[in-house]
Amino acid sequence: MNPSNGNGVGAWWRNWRWWLLFWVAGSVALTALVLWDARSWLQDGPQATFRATKLNLWPLEILWWFFVPVILLVHRSLARAERHWLWAVGLHGLLALIITGLFIVAQAYRLVLVNHLPITFLPVVVNDLRWMRGWSYLPALVYLALVLAIYAVSFYRQWRAGQRLTSQLQVANAQLETKLVRASLDALKMQLHPHFLFNTLNSITSLIRNNRTREAEDIVAGLGELLRRSLDHKQEAMDTLERELDFLGRYFEIERIRFQDRLKVEFDIDPKCLRAEVPSLLLQPLAENAMKHGISKDPAARLLRVSAQRDGTRLLLTVYNDGPALPRDDAALGRGIGLQNTHARLQMLYGDEARLRLRDNSPQGVRAEIILPFRTSSSP
Amino acid sequence: MSLALLVMVGGLALVFLGPRESLPAEARGRQDRDVLRIVYTQALRPDPHVRMLPLSTYNQFILSLWEPLVECDPLTGEPQPAAAASWAWSDDHRLLTLRLRPDGRWSNGDPVTAQDFVRAWQRLLRARIDLAYMLFPVKNAEAYHRGQREHPEDVGLRALDELTLQVELEQPRTTLLAELSDPLLAPMHHSTDQALADQAFYEQPAALVTNGPFRLQRANADGYRLESCPAYHGRAGVRLAGVQFIRANSRSMGALLISAGKADLMPSASFSAERIWPTRRPLTVETELELGVVGTYFNVTRGPLRDLRVRRALALAINREELIEESDRARLVPAWSWVPDMPGRPGLKLFNEDAAEARRLLAEAGYPEGKGFPVLRMALPLWMEGNPYPAACGERWFKELGISTYVSYESPDKRSERFSAGDYDIIYGSLIATVPDPADLLTTFTMPAEFSETKWRDDEIIQLMAEANHKTGNERLSLVELIERRAMAAVPVVPLMFERRHTLRATEVKGWYEDPLARQSPKRLWLESAPIAPLNNPHTGT
Numbered sequence: 001m002n003p004s005n006g007n008g009v010g011a012w013w014r015n016w017r018w019w020l021l022f023w024v025a026g027s028v029a030l031t032a033l034v035l036w037d038a039r040s041w042l043q044d045g046p047q048a049t050f051r052a053t054k055l056n057l058w059p060l061e062i063l064w065w066f067f068v069p070v071i072l073l074v075h076r077s078l079a080r081a082e083r084h085w086l087w088a089v090g091l092h093g094l095l096a097l098i099i100t101g102l103f104i105v106a107q108a109y110r111l112v113l114v115n116h117l118p119i120t121f122l123p124v125v126v127n128d129l130r131w132m133r134g135w136s137y138l139p140a141l142v143y144l145a146l147v148l149a150i151y152a153v154s155f156y157r158q159w160r161a162g163q164r165l166t167s168q169l170q171v172a173n174a175q176l177e178t179k180l181v182r183a184s185l186d187a188l189k190m191q192l193h194p195h196f197l198f199n200t201l202n203s204i205t206s207l208i209r210n211n212r213t214r215e216a217e218d219i220v221a222g223l224g225e226l227l228r229r230s231l232d233h234k235q236e237a238m239d240t241l242e243r244e245l246d247f248l249g250r251y252f253e254i255e256r257i258r259f260q261d262r263l264k265v266e267f268d269i270d271p272k273c274l275r276a277e278v279p280s281l282l283l284q285p286l287a288e289n290a291m292k293h294g295i296s297k298d299p300a301a302r303l304l305r306v307s308a309q310r311d312g313t314r315l316l317l318t319v320y321n322d323g324p325a326l327p328r329d330d331a332a333l334g335r336g337i338g339l340q341n342t343h344a345r346l347q348m349l350y351g352d353e354a355r356l357r358l359r360d361n362s363p364q365g366v367r368a369e370i371i372l373p374f375r376t377s378s379s380p
Numbered sequence: 001m002s003l004a005l006l007v008m009v010g011g012l013a014l015v016f017l018g019p020r021e022s023l024p025a026e027a028r029g030r031q032d033r034d035v036l037r038i039v040y041t042q043a044l045r046p047d048p049h050v051r052m053l054p055l056s057t058y059n060q061f062i063l064s065l066w067e068p069l070v071e072c073d074p075l076t077g078e079p080q081p082a083a084a085a086s087w088a089w090s091d092d093h094r095l096l097t098l099r100l101r102p103d104g105r106w107s108n109g110d111p112v113t114a115q116d117f118v119r120a121w122q123r124l125l126r127a128r129i130d131l132a133y134m135l136f137p138v139k140n141a142e143a144y145h146r147g148q149r150e151h152p153e154d155v156g157l158r159a160l161d162e163l164t165l166q167v168e169l170e171q172p173r174t175t176l177l178a179e180l181s182d183p184l185l186a187p188m189h190h191s192t193d194q195a196l197a198d199q200a201f202y203e204q205p206a207a208l209v210t211n212g213p214f215r216l217q218r219a220n221a222d223g224y225r226l227e228s229c230p231a232y233h234g235r236a237g238v239r240l241a242g243v244q245f246i247r248a249n250s251r252s253m254g255a256l257l258i259s260a261g262k263a264d265l266m267p268s269a270s271f272s273a274e275r276i277w278p279t280r281r282p283l284t285v286e287t288e289l290e291l292g293v294v295g296t297y298f299n300v301t302r303g304p305l306r307d308l309r310v311r312r313a314l315a316l317a318i319n320r321e322e323l324i325e326e327s328d329r330a331r332l333v334p335a336w337s338w339v340p341d342m343p344g345r346p347g348l349k350l351f352n353e354d355a356a357e358a359r360r361l362l363a364e365a366g367y368p369e370g371k372g373f374p375v376l377r378m379a380l381p382l383w384m385e386g387n388p389y390p391a392a393c394g395e396r397w398f399k400e401l402g403i404s405t406y407v408s409y410e411s412p413d414k415r416s417e418r419f420s421a422g423d424y425d426i427i428y429g430s431l432i433a434t435v436p437d438p439a440d441l442l443t444t445f446t447m448p449a450e451f452s453e454t455k456w457r458d459d460e461i462i463q464l465m466a467e468a469n470h471k472t473g474n475e476r477l478s479l480v481e482l483i484e485r486r487a488m489a490a491v492p493v494v495p496l497m498f499e500r501r502h503t504l505r506a507t508e509v510k511g512w513y514e515d516p517l518a519r520q521s522p523k524r525l526w527l528e529s530a531p532i533a534p535l536n537n538p539h540t541g542t
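Chains as they are written, first to last, in this note's numbering: chain A, 1 to 380; chain B, 1 to 542.
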């Protein structure tokens, strides 16, 4: 017999076999004590009387010692049989009556013995008990209370098991959700890379056509470096702002070759923000958008400024260009694949806590703003 | 499980619906031939100075084992020789000299001596007041009991020689001789005190030495079995071979024991008339009026109760018929006087009920509709909590007169303290006579005021009682009636109810006689036509 049921040390009391052993030992001890005490009466000794034995003196409530296991067995059988609840109510009602009847008969039998009445008087004494002071229905109440307690414990156990299952499911769901998010992010990133590559390759083609082969070579070299670094952490959904800016710097190196001296890139970064975690490749699509719809649309435009600031619990990222204002056609706004991706990723990762906004900057230029929770890798 | 359920339901149905009538009564076992079996339900001790209820069982038990100096004729109430063969009064009726019978013997063969009575009575004087008061008429007995006298020799009890006992009284008391028939005044062998203390009689019944018609044969938790005592002087006149006192768990079980043929007699307060007995054993219920009274005592020194009109109003407002509960109709009867009917002396009708007159008297006393009347405190002992009658009296006074009563139940110590201080208005209680004499119940009105419940004193009543104690016969009865009329007119008490006593008897018990003091001695009874079971009957009695 193993005292442990696998739930660890101290769980012996969950093992019904120990309880059975305890009950059997108790029953044997109780019976032996009662018989030993009544031995003189059982042997019809000269001074022996049933009146002085524990069988007469002990309260009848001791019978519950024998009734309780029966009740537990009945409950277990009912639970296994999965009967209709009305059937269970009926059976428990019948058992309550039977146990009450047994108590009354036990009391009457004891009176028959102690008063030396003939056994044929047992029905008379049973009736006499009612006539004298009414039968006691307390055993029925005790029985029903016990049954209610057993059901309560049973329901509590089921509820606890349900709770455990629910939390396990929740954990599994969360893990699954994380995997799904990661898969989605990867998919988005996979959408991003071809787009960027397509633009860059167009630039290289353009440089080659214009016999600017030297510059085309530089771009190819820069692009190679960019792709290498990109592939290094493509499995990561998040990255530090510092690495993100470094990556962005590589991107601007390529774009600077394309636009030669016309492009001026400024970084206005609060050093405290460098360790902040941001979705990887978050800024590059905004920068690319600024280049495509701002710098390249207006020959006079040349400034592109990236800034990062902390505002309490929030991180504010801005990509500014001094190109032309946004077109009046709202539908055109945010239609670009890069912006759509960025917006989708922010929603996926932060929900309502993050925001992406594209607006005109007075008196000139366009600002792309991202607000997201300020988190570092050590944040909870 | 279904089969087990079926068996249990079937078994219970057999028991619950089994036969309950016309069962065979058990035939008397051979060893019970001529043994009278008396059922009792409360603890019984073979000690004359431990009185048990009902008194009739105590009396029968003690009078089976011990014999007092005299016994009263149940018909006339006249004292007859018992342990004493003769007696003589001094001229002033203050000295009683009793001569013991020379053939009086203890169960161990020792002669019964005068010193055995002196020893027993000195022991009684050291007992509780409700027992010791029996000897208070004896000179210095009350003072000795109350600790005002140290030496027992100061008490007016003297063993002049082996067979001569002298009793000196404080005052003449013609009823004293009858009072000596009380089981409390039985003699005690010098070994008895020790035998009772160590309860040696359970192992050695002969250790309990007695002088009565029976001696102890066996004692255990189921009761006592007595056998005819060979040393008893009147053995030839005793027709029973023995008496068995059988303990039953309740009156109901006792009645079933008799019905089953296991017992023959059971005194009890009441039996339900409509009870159907489970056997056809011939049984009868004997009924007799107890020589006692239940009533309320007014503390006449307190507030409005000093006014006779108020006391009369309270008495007139009671409705006795209404007061007695339906379940007690067989046990209680309305009391219109302090002394109930007695053989040769019917009870008087000294009270009536008239609520309108009660209200008029109360208004005349200055309390119209009870206005301005203080709350009456009724102090009762704790054991009386289940008694509905004190509160019912209070209800009646409130309903008819607008007088409120506060009923309090208190511990003996608290109650004794309250009694000593006189801090109560009303006491509810009962009084039981110890001699078959109407004056016995009236002596409560001659007690010193500080010891009486009513704190009431009437010198003329004391004078009349002293006079009556010198008289006998009709002359005495006339004086006693005068005392009762005078006392009831002053209303220090209100008699409410008399009690009836019942005895369930198998008709094979013969020689039963009425006794207002419930002292039917088993030595006067016998068994007749009792069917005897053949040998080897498995049911061989208890």
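Keep in mind the hints are simulated off the structure, nothing from the lab. Being a predicted model, the structure only gives us computed values, none of them experimental. Note that CB positions come from ideal geometry on N, CA and C, so glycine has one too. Keep in mind that the hints are not guaranteed to be accurate.
[Stated by the list, open to error] Cut-off 25 angstroms, straight-line C-alpha distance, at most; resulting in silico cross-link-like pairs (DMTMM-like, lysine to aspartate or glutamate):
id, chain 1, residue 1, chain 2, residue 2
1, B, K139, B, D110
2, B, K371, B, D423
3, A, K292, A, D311
4, A, K54, B, E203
5, A, K54, B, E514
6, B, K371, B, E385
[Claimed, not checked] The following residues of chain B were derived to be distant from chain A, with all beta-carbon distances above 10 angstroms:
id, residue
7, R51
8, D222
9, K262
Hints versus structure:
At most 25 angstroms may separate the alpha-carbon atoms for a hinted pair to count; B:K139 and B:D110 exceed this at roughly 30 angstroms. The straight-line distance between the Cα atoms of B:K371 and B:D423 is roughly 22 angstroms, inside the 25 angstroms bound, and the hint therefore holds. Under the criterion of a C-alpha separation no larger than 25 angstroms, the hint pairing A:K292 with A:D311 is inconsistent with the structure, at around 29 angstroms. At roughly 21 angstroms between alpha-carbon atoms, A:K54 and B:E203 fall within 25 angstroms of each other, so this suggested pair holds.
As the CA atoms of A:K54 and B:E514 are separated by approximately 41 angstroms, the hinted pair breaks the 25 angstroms bound. Taking the CA atoms of B:K371 and B:E385, the gap is about 29 angstroms. The hint is violated against a cut of 25 angstroms. Listed as a non-interface residue, B:R51 keeps its Cβ farther than 10 angstroms from every Cβ of chain A; the least gap is roughly 23 angstroms. Distance to chain A contradicts B:D222 as a non-interface residue, since its nearest Cβ pair spans about 4 angstroms, not more than 10 angstroms.
Interface exclusion of B:K262 from chain A breaks down, the closest Cβ pair being 6 angstroms apart, not more than 10 angstroms.
The structure fails to meet hints 1, 3, 5, 6, 8 and 9 from the earlier list, while all remaining hints are met.
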